[in-house]
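Chemist: Residue numbers (this note's numbering), protein chains in the order written: chain V, 8 to 249; chain Z, 76 to 301; chain P, 316 to 609.
Among the hints, erroneous ones may be present.
Said to hold, decoys possible - Each computed DSSO-like pair below joins lysine-lysine, with the alpha-carbon atoms no more than 30 Å apart: (1) V/Lys160 / Z/Lys295; (2) Z/Lys242 / P/Lys341; (3) P/Lys510 / P/Lys477; (4) Z/Lys294 / P/Lys347; (5) Z/Lys275 / P/Lys477; (6) V/Lys160 / Z/Lys201; (7) P/Lys347 / Z/Lys295.
Unchecked claim - Coverage of chain Z stretches by chain V, computed from C-beta distances (three or more under 8 Å per stretch; other residues unrestricted): (8) 105 to 119; (9) 170 to 177.
Claimed, not checked - Label-pair ranges, simulated between beta-carbon atoms: (10) V/His70 / Z/Gly186: 24 to 34 Å; (11) P/Asn506 / V/Ile229: 47 to 57 Å; (12) V/Glu243 / Z/Glu105: 19 to 29 Å; (13) P/Ile416 / V/Glu91: 25 to 35 Å; (14) V/Asn185 / P/Thr393: 20 to 30 Å.
What the hints contain is simulated information worked out from the structure, not anything from laboratory work.
Just so you know, even glycine gets a beta-carbon here, dropped at the ideal spot from N, CA and C.
If you want the building blocks of each chain, they are given just below.
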Amino acid sequence: MESEVKLIDDQGKRLDGRKVDELRDIKIEAGVLHRADGSCYLEWGGNKVLVAVYGPREAVPRHTQNPLKAIVNAKYNMAAFSVEERKRPGPDRRSREISKVISEALEKVILIEQFPRASIDVAIEVLDAEAGTRVAGLTAAGVALADAGIPMKDIPVGCAAGKIAGQVVMDLGKEEDNQGEADLPIAISPRTDEILLLQMDGHLTLEEFEKAFDYAVKGCHIVSEIQKKAILDKYESVLEVE
Amino acid sequence: MENRERKIVIPSQILGDLISQQAGRGTFVENGKIISEKLGILNMKSNYVNVVPLKGRYDAVVGDFVIGIVQEALSSGWLVDINAPYPALLHVNEVPWDIEFGDTEKYLNHGDSIMAKVLQVDESKKLQITLNDRNLYKIKGGHIIDVEPSKVPRIIGKKASMIGLIKKYTRCRIFVGQNGRIWIDGDMEGIEKVLQAVYKIENEAVSFGLTNRIEELLKKDAKDVR
Amino acid sequence: MTIVPLIKRDYIYKLSEQGKRVDGRKFDEYRKIEIETNVISKAEGSAKVKIGNTQVLAGIKLDVGEPYPDSPESGVLTTAAELIPLASPDFESGPPQADAIELARVVDRGVRESEVVEVEKLCIEPGEKVWIVFIDLHILDYDGNLFDAASLAALGALFTTKIPVTRLLEEKDIDSWQKKLLELYSITGVNEVIKNKIQNMKEDFPLPLKEPPISCTSVKFNKVVVLDPSLDEEEIADARLTIATDKNGDIRAMQKGLSGSFTRDEVQKVIKVSVDNGRELREQLYKSIGKENV
Chain V
8 MESEVKLIDD
18 QGKRLDGRKV
28 DELRDIKIEA
38 GVLHRADGSC
48 YLEWGGNKVL
58 VAVYGPREAV
68 PRHTQNPLKA
78 IVNAKYNMAA
88 FSVEERKRPG
98 PDRRSREISK
108 VISEALEKVI
118 LIEQFPRASI
128 DVAIEVLDAE
138 AGTRVAGLTA
148 AGVALADAGI
158 PMKDIPVGCA
168 AGKIAGQVVM
178 DLGKEEDNQG
188 EADLPIAISP
198 RTDEILLLQM
208 DGHLTLEEFE
218 KAFDYAVKGC
228 HIVSEIQKKA
238 ILDKYESVLE
248 VE
Chain Z
76 MENRERKIVI
86 PSQILGDLIS
96 QQAGRGTFVE
106 NGKIISEKLG
116 ILNMKSNYVN
126 VVPLKGRYDA
136 VVGDFVIGIV
146 QEALSSGWLV
156 DINAPYPALL
166 HVNEVPWDIE
176 FGDTEKYLNH
186 GDSIMAKVLQ
196 VDESKKLQIT
206 LNDRNLYKIK
216 GGHIIDVEPS
226 KVPRIIGKKA
236 SMIGLIKKYT
246 RCRIFVGQNG
256 RIWIDGDMEG
266 IEKVLQAVYK
276 IENEAVSFGL
286 TNRIEELLKK
296 DAKDVR
Chain P
316 MTIVPLIKRD
326 YIYKLSEQGK
336 RVDGRKFDEY
346 RKIEIETNVI
356 SKAEGSAKVK
366 IGNTQVLAGI
376 KLDVGEPYPD
386 SPESGVLTTA
396 AELIPLASPD
406 FESGPPQADA
416 IELARVVDRG
426 VRESEVVEVE
436 KLCIEPGEKV
446 WIVFIDLHIL
456 DYDGNLFDAA
466 SLAALGALFT
476 TKIPVTRLLE
486 EKDIDSWQKK
496 LLELYSITGV
506 NEVIKNKIQN
516 MKEDFPLPLK
526 EPPISCTSVK
536 FNKVVVLDPS
546 LDEEEIADAR
556 LTIATDKNGD
566 IRAMQKGLSG
576 SFTRDEVQKV
586 IKVSVDNGRE
596 LREQLYKSIG
606 KENV
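Taking the hints into account, I'd like the entire structure generated from these sequences.
Modeler: This is how it looks when you write it as structure tokens:
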């Protein structure tokens with residue numbers, strides 16, 4: 008696997024011109040679907056993600072119901088055409104794992120005790136993929152949940168950091184994800200900095216980890232502002248002051 | 076007196092603290108701070124900080140009048156959809172008819188609509204409704220639509236002013252369930268006018284001067300011939 | 316499952332007796348249609364179609380593979396549809412149910428039997444290597460009439476597809492394909508523009524396509540038949556009829572769905588409505604793809 012491509016040049020610029028601590032372009036829109044109770048469309052670099060929330064509604068089948076709280080069913084799915092080599096439709100093991108960690112992250116911030124026996128279904132569709140789809144999906148899910156009127160302690164947000172060419176950077180792009188040395192996606196509750204999702208693969212020294220983690224958290228806070236603005240933009244437009 | 080300060084708040088937004096205020100609906104408390112748990116409108120009422128939700132399923136409250144759609148006839152009653160996260164149970168004892176065992180289908184079946192009242196909400200959110208009231212019955216004729224439950228107060232208006240306005244100009248009977256379901260009965264033109272007015276309110280619920288705009292819309296169509 | 320209150324159904328019936336529909340449309344009128352192409356960067360071709368609030372996204376992926384044994388000199392076309400839980404509270408995740416399969420097969424037939432894609436021009440090495448065209452339909456928002464939205468999306472995507480020649484073919488394969496194409500075109504006649512395109516095959520080589528048939532779907536309820544059913548109308552429909560017609564007004568595909576029936580007379584009326592509206596839809600499709608065909 009040749010990597011004659013220089014991921015970071017001597018001026019500290021990455022392939023797409025970003026600095027080590029810069030995010031790709033992000034665009035978020037709330038309330039974009041008609042049938043869903045809440046929805047969000049998000050673009051993050053080359054990622055395009057669409058999320059719909061249905062619920063709370065009675066959980067089916069009945070044996071999955073929890074008499075004390077709602078269950079959160081996040082389903083992460085990649086469209087067949089979202090990747091360079093067509094992906095067979097249907098969940099694979101990777102999708103199932105990502106669905107699980109996202110469900111668990113969301114469970115922590117949603118006030119699930121308010122809806123015993125119910126389920127909150129979050130459908131996360133990746134339409135166009137370019138590294139960091141799980142944090143993009145979770146971030147969009149946060150907005151869709153707020154849009155659906157689901158009560159939450161906080162709006163969850165995600166961001167990843169990694170290591171390329173020996174340097175720790177924020178928000179890996181496609182080439183960087185393929186050829187990098189470490190990938191650290193996280194999700195937090197931005198109000199309290201509690202960690203809701205944490206995964207890592209690759210190789211990081213303790214020091215590198217601290218730095219990468221800081222970058223990821225910093226990225227989360229920047230994205231959190233974008234989420235909040237997207238929600239307010241959607242609803243404040245109906246507000247006219249005479 | 077209308078609260079001119081229509082502030083939209085989102086989950087996690089800090090709205091006040093327990094030192095000077097009290098936590099009302101739609102909020103939770105953490106470290107002495109009152110925080111919004113929902114997307115909604117901030118509403119301060121005599122020291123209570125409340126968030127009135129902008130979106131979301133119907134949150135059943137005992138005593139609410141609702142319009143339900145029968146899902147299934149069971150042996151001991153019926154399962155009714157009231158646009159809440161859960162279906163509601165209408166027990167055979169809660170209807171004004173004398174029903175022989177196993178005859179529930181003869182009275183209400185899948186697709187029937189009823190004007191009911193929320194009877195009970197228990198700790199696990201099991202809902203029960205009743206038809207035992209002179210104002211409650213099986214609905215016939217007219218049309219039914221669904222709107223966001225959060226828009227219901229606006230459609231009814233202060234002291235039923237908005238709904239009164241619509242009834243006046245369209246000569247329709249209108250029943251607005253707290254669960255966001257609305258039943259309209261009248262001639263076809265009247266029903267159409269009601270629909271236009273209601274959808275307009277749904278889209279502009281948060282803005283000011285809405286009552287005037289609705290009145291203009293209703294007046295205008297009164298002269299138009301289709 | 317969403318239940319339709321009988322009162323609502325009766326209201327829709329009453330309106331129909333006056334020649335009206337709930338959203339004010341005429342019986343043979345489409346909702347607003349929007350077609351957007353090239354919306355997915357990873358796909359070789361893509362299109363998003365909105366009919367009213369219904370939204371369908373189609374993506375085209377290309378690969379090189381073996382042909383089917385009974386058609387060694389023909390490319391392969393395959394269509395899949397996902398009624399993902401995103402699009403409706405009633406869609407479940409899991410393997411495709413009958414509805415999704417029917418949708419995929421109807422769209423597939425509309426494309427395949429009409430020979431929109433000239434599969435004989437997708438042969439690289441007879442018996443060994445051909446282009447495989449994957450059409451994937453992703454339903455995003457279900458508000459009635461998935462058939463027409465999906466068909467239009469598939470066409471919009473096909474007509475803006477760029478074959479990734481240099482990414483997926485080696486030099487010798489490119490040569491082989493070029494030879495085959497020139498051979499085929501010399502039979503049907505080739506103009507300089509096309510010849511040029513073939514000889515200078517680049518990454519943006521378009522799919523060889525012919526004029527497409529357009530699908531129009533109608534439903535029947537209370538003895539009336541309406542075009543482009545909204546969700547309300549589909550929920551109370553007794554029967555459904557999709558008709559694909561080509562630019563000459565000839566019929567290329569038909570599919571009846573649901574358990575009600577049509578009279579012969581009604582079928583003929585639906586055919587006429589489909590031919591008329593098919594024309595308009597075709598124009599709208601061409602406008603959105605900026606029609607420059609090989």
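Chemist: The structure should be examined with respect to each hint, and the outcome stated for every one.
Modeler: Cross-check of the supplied hints:
1. Only pairs whose Cα atoms come within 30 Å are accepted, and V/Lys160 paired with Z/Lys295 is rejected, the gap being roughly 46 Å.
2. This hinted pair checks out: Z/Lys242 and P/Lys341 have alpha carbons roughly 28 Å apart, not beyond 30 Å.
3. Proximity of P/Lys510 to P/Lys477 is assessed by CA-CA distance (about 17 Å); at most 30 Å being required, the pair is judged to hold.
4. Restraint check: the Cα-Cα separation between Z/Lys294 and P/Lys347 comes to about 29 Å, which is no more than 30 Å; the hinted pair holds.
5. Between the alpha carbons of Z/Lys275 and P/Lys477 the distance comes to roughly 45 Å, so the proposed pair goes past 30 Å and is violated.
6. Only pairs whose Cα atoms come within 30 Å are accepted, and V/Lys160 paired with Z/Lys201 is accepted, the gap being roughly 25 Å.
7. For the suggested pair P/Lys347 and Z/Lys295, the alpha carbons sit about 26 Å apart, so the restraint of at most 30 Å is met.
8. Under a criterion of three residues with beta carbons nearer than 8 Å to beta carbons of chain V, the stated coverage of the stretch 105 to 119 of chain Z is upheld, 6 such residues being counted.
9. With a cut-off of 8 Å between beta carbons, the stretch 170 to 177 of chain Z has 0 residues touching chain V; three or more are needed, and the interface restraint is violated.
10. For V/His70 and Z/Gly186, the hinted distance range of 24 to 34 Å is satisfied, since their beta carbons lie about 28 Å from each other.
11. The beta-carbon spacing between P/Asn506 and V/Ile229, approximately 54 Å, falls within the hinted interval of 47 to 57 Å.
12. At roughly 26 Å, the beta-carbon separation of V/Glu243 and Z/Glu105 lies within the given 19 to 29 Å, and the hint holds.
13. At about 27 Å, the beta-carbon gap between P/Ile416 and V/Glu91 stays in the expected band of 25 to 35 Å.
14. Our hint of 20 to 30 Å for V/Asn185 and P/Thr393 holds, since their Cβ atoms are close to 28 Å apart.
Comparing the model with each numbered hint stated earlier shows that hints 1, 5 and 9 do not hold.
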